[in-house]
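J.: When you get a sec, could you build the whole thing from the sequences and use the hints?
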Amino acid sequence: MVAITGTLVQSYNICKRQTWLMAHQIVPDQDHPYIEIGRLLDEETYSRDKKKISFENVVIDIIRSDEGDIVVGEVKKSSKAQESARLQLAFYLYKLKQNGIDAKGLLLFPEERRRMPVELDSDLEQELEHIFKGINLVVSMSVPPPPQKIGYCKNCGYREFCWA
Amino acid sequence: MKKAIYIFSSGELKRKDNTIYFENEEGQKFIPVENTSEIYIFGEVDVNKRFLEFLAQAEIIMHFFNHYGYYVGTFYPREHLNSGYMILKQVEHYLDFEKRFNIASEFVSGASKNMRQVLKYYINRGKDLGAVEENIKALEERVGNCKDIDELMAIEGNIREHYYKAFDLILGKADFAFEQRTKRPPKNYLNTLISFGNSLLYTIVLSEIYKTHLDPRIGFLHTTNFRRFTLNLDIAEIFKPIIVDRVIFTVVGKNMITKDDFEKGMEGLILKEKAQKVFVEEMENKLKTTFNHRHLGRNVSYRRLIRLELYKLEKHLIGEEEYKAFVMYW
Ligand code: SF4
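Chains as they are written, first to last, in the working numbering: chain D, 1020 to 1183; chain U, 118 to 447.
Honestly, the hints are just simulated from the structure, not real lab data. Remember, predicted model here, so these are calculated numbers, not experimental data. Beta carbons: idealized from backbone N, C-alpha and C, even for Gly. Take the hints with a grain of salt, since some may be wrong.
Listed next, with one range per pair, are the computed distances between beta-carbon atoms [unchecked claim]: (1) Glu-1131/D with Gln-174/U: 29 to 37 Å; (2) Asn-141/U with Lys-1123/D: 45 to 53 Å; (3) Glu-438/U with Gly-1153/D: 22 to 30 Å; (4) Thr-340/U with Ala-1100/D: 45 to 53 Å; (5) Met-1160/D with Lys-120/U: 51 to 59 Å; (6) Lys-237/U with Gly-1153/D: 50 to 58 Å; (7) Ile-1169/D with Ala-173/U: 50 to 58 Å; (8) Tyr-446/U with Lys-1123/D: 36 to 44 Å; (9) Gln-1117/D with Asp-134/U: 37 to 45 Å.
T.: Structure (structure tokens):
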């Protein structure tokens, strides 16, 4: 059994090969411009009301807590990978719930001035558990799934690793 | 894009806020840390622990050369891309003779093929190097039949001896006659250039290894004793003909470096500072040059090519694709 992280959940939705590589601590190319942008965005946006909390192997940003609600915010560069971002956030909510905290989620796309609420209902929970099984299957493979050219490859930090 | 910084003058390197700060009698200079990938020190430079900590945090690696241009060592900050999985795979391929030999022999035959490509280039330009090329080819065919790594190393030494002798015809400069390979200390002008260029390449490959999950202490062709970097020596074999030797042909061929650029040191010949700079600059130009990479289908620089080679090795180690050394085809 592999320790499931938000990044693994997110990648599982994009590319299974990526999931395998990440789970084997083969991290993507750090010179990759998109990674830089991601880091900057994280540091500069919403710094006002952001608190980081970490538990187990997850670090999450709690950005606001109005009216007693705990809201977990996740900042994304663009809504292109919205589906995987949604699942990643759902995973955080799932983790929090396991720890006895009921929270709501909010995906933020500052560059598009857009936000999207995410709520953990039983459907979403089932979807997640299904993904956990899938991740375990992929990660237990002795070699990574072969690369397949998909749209995401263009911006992927593993691009050169996969296609060298 | 991050850049390599070369420091030839003497002075002090310090941390100032979030920049690297270089100071000497002539003045001061700020080097933004986020634009720096690695630092090469040729001059008499003082650093302190605070500065080293800063480099480690910024994941910048620093190479030292002594006053004579000889490689001294590297400040290699604690690995930041650690994959226990990859290290286990690397060790597994080191300990298993068959596995180790396969990788090591690919380094030797890849290097040899690249040397032959260099020769072919000059054969096409009318140089009488056909016999040398044939000799090397014959040696290359024996690579697979070696019974151990020592024998492999001996063949590779033999190949290189033939190849370097061809430099006399390629360069056509009496001052830069090859004679024989002498390393520490190099005894003639050409050997001094080869040694200087190779040392530079070793550090460049080391810098690229730092950005992967490979452990530079575990080489396959060069024997590992876990106290020294050896994987960079292995990978450099493939790129010496493509990068270093072509820089040598340029700087000697265009008289950018002549015999007046050397002086007699205590231990043999030394490349003067001005010529070291010329060489380093030419080397940087080469590394920055891009070309169309057939497999990737887009332009990559020579420096990037080294990284791709490391990725290929990683893929071999995790068992997904057999490693084939890069061979230039132009
Ligand atoms: S480059 Fe493409 S195949 Fe490789 S990990 Fe990224 S998305 Fe997957």
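J.: Look at each hint and say if it fits the structure.
T.: Against the structure, the hints:
1. Glu-1131/D with Gln-174/U: 29 to 37 Å: Taking Cβ atoms as reference, Glu-1131/D and Gln-174/U lie about 33 Å apart, which means the hint holds.
2. Asn-141/U with Lys-1123/D: 45 to 53 Å: 58 Å, violated
3. Glu-438/U with Gly-1153/D: 22 to 30 Å: Taking Cβ atoms as reference, Glu-438/U and Gly-1153/D lie about 24 Å apart, which means the hint holds.
4. Thr-340/U with Ala-1100/D: 45 to 53 Å: Check passed, 46 Å falls within 45 to 53 Å.
5. Met-1160/D with Lys-120/U: 51 to 59 Å: Given about 39 Å between the Cβ atoms, the range is violated.
6. Lys-237/U with Gly-1153/D: 50 to 58 Å: With a Cβ separation near 51 Å, Lys-237/U and Gly-1153/D satisfy 50 to 58 Å, so the hint holds.
7. Ile-1169/D with Ala-173/U: 50 to 58 Å: Distance hint for Ile-1169/D, Ala-173/U is violated at roughly 37 Å.
8. Tyr-446/U with Lys-1123/D: 36 to 44 Å: 58 Å, violated
9. Gln-1117/D with Asp-134/U: 37 to 45 Å: About 42 Å separates the Cβ atoms of Gln-1117/D and Asp-134/U, which means 37 to 45 Å holds.
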